[in-house]
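There are 2 protein chains.
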Amino acid sequence: MKNNNLLNLLLILLMTANGYGQQWGPGVTSPEIHEDNSVTFRLIAPNADSVFVTGDFLPTVKVSTPMGEVDAPGKALLQKEENGVWSYRTAPLTAELYSYSFVVNGLNTIDPSNPFVIRDVGNLYNIFVIGQKEAHLYAINDVPHGTVSHRWYESPGLNMDRRLTVYTPPGYENSGEQYPVLYLLHGAGGDEEAWITLGRTAQIMDNLLAEGKIKPMIVVMPNGNVIQDAAPGEGNTGFYKPQFMVPKTMDGTYETHFMDVVHFVENNYRVLKNKANRAIAGLSMGGFHALHISRIYPNTFNYVGLFSAAILNGNDPTGTVYANIDETLKTQMDNGYKLYWIGIGKTDFLYNANQDYRERLDKIGMEYTYQETEGGHIWRNWRIYLAEFVPQLFQ
Amino acid sequence: MKNNNLLNLLLILLMTANGYGQQWGPGVTSPEIHEDNSVTFRLIAPNADSVFVTGDFLPTVKVSTPMGEVDAPGKALLQKEENGVWSYRTAPLTAELYSYSFVVNGLNTIDPSNPFVIRDVGNLYNIFVIGQKEAHLYAINDVPHGTVSHRWYESPGLNMDRRLTVYTPPGYENSGEQYPVLYLLHGAGGDEEAWITLGRTAQIMDNLLAEGKIKPMIVVMPNGNVIQDAAPGEGNTGFYKPQFMVPKTMDGTYETHFMDVVHFVENNYRVLKNKANRAIAGLSMGGFHALHISRIYPNTFNYVGLFSAAILNGNDPTGTVYANIDETLKTQMDNGYKLYWIGIGKTDFLYNANQDYRERLDKIGMEYTYQETEGGHIWRNWRIYLAEFVPQLFQ
Chain A
0 MKNNNLLNLL LILLMTANGY GQQWGPGVTS PEIHEDNSVT FRLIAPNADS VFVTGDFLPT
60 VKVSTPMGEV DAPGKALLQK EENGVWSYRT APLTAELYSY SFVVNGLNTI DPSNPFVIRD
120 VGNLYNIFVI GQKEAHLYAI NDVPHGTVSH RWYESPGLNM DRRLTVYTPP GYENSGEQYP
180 VLYLLHGAGG DEEAWITLGR TAQIMDNLLA EGKIKPMIVV MPNGNVIQDA APGEGNTGFY
240 KPQFMVPKTM DGTYETHFMD VVHFVENNYR VLKNKANRAI AGLSMGGFHA LHISRIYPNT
300 FNYVGLFSAA ILNGNDPTGT VYANIDETLK TQMDNGYKLY WIGIGKTDFL YNANQDYRER
360 LDKIGMEYTY QETEGGHIWR NWRIYLAEFV PQLFQ
Chain B
0 MKNNNLLNLL LILLMTANGY GQQWGPGVTS PEIHEDNSVT FRLIAPNADS VFVTGDFLPT
60 VKVSTPMGEV DAPGKALLQK EENGVWSYRT APLTAELYSY SFVVNGLNTI DPSNPFVIRD
120 VGNLYNIFVI GQKEAHLYAI NDVPHGTVSH RWYESPGLNM DRRLTVYTPP GYENSGEQYP
180 VLYLLHGAGG DEEAWITLGR TAQIMDNLLA EGKIKPMIVV MPNGNVIQDA APGEGNTGFY
240 KPQFMVPKTM DGTYETHFMD VVHFVENNYR VLKNKANRAI AGLSMGGFHA LHISRIYPNT
300 FNYVGLFSAA ILNGNDPTGT VYANIDETLK TQMDNGYKLY WIGIGKTDFL YNANQDYRER
360 LDKIGMEYTY QETEGGHIWR NWRIYLAEFV PQLFQ
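The listed protein sequences derive, respectively, from chains A and B. Numbering of the first sequence is given in numbering that gives the first Met the number 0, commencing with residue 0 and proceeding in unit increments. Numbering of the second sequence is given in numbering that gives the first Met the number 0, commencing with residue 0 and proceeding in unit increments.
Here are a few chain B residues that sit away from chain A, every Cβ distance over 12 Å (derived from the structure):
(1) G211
(2) P215
(3) W340
Residues from chain B shown here face chain A by an in silico Cβ test under 7 Å; the list is partial:
(4) L106
(5) R118
(6) R150
Simulated from the structure, these hints should not be mistaken for lab results. Quick reminder that beta carbons are idealized off the backbone N, C-alpha and C, glycines included.
Okay, chain A solo, but in the shape it has when bound:
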């Protein structure tokens, strides 16, 4: 093979490497992030009758439900050019990690020009970051990076090997130090992938650490669905479309056996094994789990975070674990803790449930820190809550 054939060779590699004989489409840039942080979406679809973009950067719209109105993201119509390319340019956007998808002739689909997607429950969404260059917390910056591991542990209580995600801070492997641990729990429909992908946990921790705003700590992201050994596609059930409502998630089984996770971590990582160095937090269903786990193991966690927690007041959930809530909360209070943090968005459908829970805590005199933000029950808020919560830990 001669020198001047190298380019040909590479062109053929280009055509065949993925086994598909071609790259997708003739190529448009989408999303294009402009100087002013406005964004243009493009799709080549000469035969389409309508192309919409829907995403969390558009103003929300109200949707009626049996429980009242809830927020849903709006959608914007792309305009068709003569060359068959549809496009839409947003207003300038603030720094954030955004997600979106297209709706082509009524059919939801991803943007074929953007290979970056995150799975949320059973669907994929494209993502992009505004503020990448301004050292935004969600970007990968030129700072020391922790290690993200996908590891399996034995759960005697659930009688299976289960997968979890572990973030260890930069330098962990070469240090003799012992570290505190944050247990970080996902919501309904999520799994051990949710916080590390949608939540950008590794980036948030790396960046806050580089800014000197947090203590080095290990973050453990377990799977809160007791019927799963691992995320769909990562466990021995194989590939199946994830469902939002997984059985046995709020019946007490997970809370009862949560110490399996703690024991594994404390026997397998260089960690500080005491209450002062344990934190637990979760979003939505994970907030519900964090509330009850910290309460039924009432002298275990010095730091508790409830992010848009799916608090079911009264005796709604099944399982004896949920009995005697006030009594066990009082025990937790009497044992003492450093931080009990509650965050909720103003338009979250769980807003009232969280206010009810605050009243309950007020009634028994249990102290907490309360943070109210804009927005609803969305990942944007959970990333913000995480970034606000972790600097308060282990200080």
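Given chain A, work out where chain B should sit, using these hints.
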């Protein structure tokens, strides 16, 4: 909130958890894997004029290129039912991990009913596994699982922190043992994600180990693109659409500084630090890298694997690293090694280049094991080669 409102609450969570107000589409099952291992693909697209599925389970078609004919996957037309659902059922398929995408009105897109995708260079493809229940090597079976870590190391030679993927075998963390290491290199357009996603390396290793067919070993999957610190979307350049041709990949820079990776691994993992316990293998461009790295460090690796290697005979590649090939190969031969393994598909466009290389080795009397398979330059072959190569290591 009353007990009977729990279902309503969960329904609303369902509607709002992903922030999109709805799950995608009214729902068809796609792909559906039937008892006989035939597969039905479905897409709801009442307004579409044509829907094709293209994937590596369909017979290949010949495509003309400047270098002659090459194989490309075929495509099959889905049939439209009256309800607007398009469908296509394959013939029974053999056990394999398959990938596919749809072409709707000429537009490439993924299957919106299947959230499992893998990125190959700049595009996403849906995947499914046939043979999941038969303990196929690519499935996640109920066997002990190794840990997959995404870790960063300092490369003094390239003057940056760089990301790599490391598979440690089950029990590594709690063992005092030292392990051998396989360095596993990706092809052009790939990165440190390629082998662990497209290559199913963790599953192959877990399963072969459970079957007693391989020695426990560490598999290190570095990034062979010296201008990147990490895979697109995982490095400090942020999100950008990956290109197939990355500069400086075949100019000698990577080979020259490869020992940065080895030094990091040998200083940070419990490994056996000698030639008898080092293997290096790669696919396509990674095969090229493995060939040259094992040659310019001629007493370092006892096992070398060239999988559909992009062998550029003569003095094609730039860089002094590629000078004196025969001479350094002779040195490597004289130093001795246990296995020099070459695998290539019969219809691979690199077939002739690999035959030329065999002649070159024959001429200097350098021994190797040669494996010829069906098929071309595709991931299916590289998974097969990996599963055939690793049982021969460190025995």
